[in-house]
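S.K.: Starting from the given sequences, assemble the full structure and let the hints guide the process.
Each chain, written out:
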Amino acid sequence: MNILTLGNSLDTYLVIGAVLFGIGLYGIVKRRTFIGMLISAELMLSGASVNFMAFNRFLAPTPVTGQVFTLFIMAIAAAEAAIVLSIIIAVYRNYRSIETNDVVDLKG
Amino acid sequence: MTPSLASAEGLLGLLFLVFVLVTVAGALIAVHTRQLIRAVAGLGLCFIGVAGLYYSLGSPFVALMQVLIYVGAVCVTIIFAVMLADPVESPRPAKTAVFFGALAIIASAGIIWALATLGLRTPWKALPGASGQGSVDQLGVSLLTSYSMSFELISVVLLVAIIGSLVLARLGRSKQ
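Quick mapping for you: the protein sequence lines, in order, are chains A and B. Heads up: the first sequence begins at 1 in our numbering, then just goes up one per residue. Heads up: the second sequence begins at 1001 in our numbering, then just goes up one per residue.
It is worth saying that the hints were derived from the structure and are not from the lab. These numbers come from a predicted model, not from an experiment. Quick reminder that beta carbons are idealized off the backbone N, C-alpha and C, glycines included. Among these hints, one or two may not hold up.
Unchecked claim - Not everything, but these chain B residues come out facing chain A in the computed CB check (under 8 angstroms):
1) 1016
2) 1023
3) 1040
4) 1046
5) 1059
6) 1082
7) 1107
8) 1128
9) 1147
M.R.: Put into structure tokens, the structure is as follows:
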């Protein structure tokens, strides 16, 4: 297999999706602020979207299903980002901090 | 078949490699920098790379939407939050930092290895009639016929999200 034809095989995209998901997981474990964790969650969503698009391109009988799914993932991610950021701002008003360690007294 | 570097296929392959590099580098910047504003910049870089991947998968419309929604809207919203809140992540105590950092690297490398092996080992079979190229026309028609219910529902979800975030941000202000 030539390195210049990598973009035409399903395996390449599956590996890229797995790498994005893993980097996002690493960020969620390592980050200690809410905004950092939100960024990592967006990375994981991107990995899932790449997988959907790859399966849509190479395997699916109707070639638009994966694209529709990816568009819906984008809309859900935008809604999620808006909600999370307003929660972050509300938390910052009360605690003067966005670090996860400082708000552990919210634990029930 | 091995396309030469000067041909159109060779240049497309080179562009694809550049997009893969941009994606992975942006993702690594997004999780590694201490300054959150740099992490958001890395996230934007990663999204641009993913848009390039979508383009090379044959769907320029979704690539354009990726740039518009993620780079244009989500990144800018996160930048607003970074500017409103405290942007610097305080360092973890040195004793636990090494241990948990190594644990996180091992766990995520294991997940990457498992998912990649699963994808590479499975004999994926293309269903009959897999053509690959979905045009914008087909996408629009199926959004308004097969997926019209989901399309309307996603509009309601976005409306509820906007109202909910406004309410959440206002409640904190009126309490002070």
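S.K.: It remains to establish, for every hint, whether it holds in the given structure.
M.R.: Hints, one by one, checked against the model:
1. 1016: Holds, because the Cβ-Cβ distance from residue 1016(B) to chain A comes to roughly 4 angstroms (cut-off 8 angstroms).
2. 1023: With Cβ-Cβ at 7 angstroms, under 8 angstroms, it holds.
3. 1040: 7 angstroms, holds
4. 1046: With Cβ-Cβ at 7 angstroms, under 8 angstroms, it holds.
5. 1059: 5 angstroms, holds
6. 1082: Holds, about 6 angstroms.
7. 1107: With a closest approach of 7 angstroms, the residue 1107(B) hint holds.
8. 1128: 7 angstroms, holds
9. 1147: Given a least distance of 5 angstroms, the restraint on residue 1147(B) holds.
Checked against the numbered hints given earlier, the structure satisfies every one of them.
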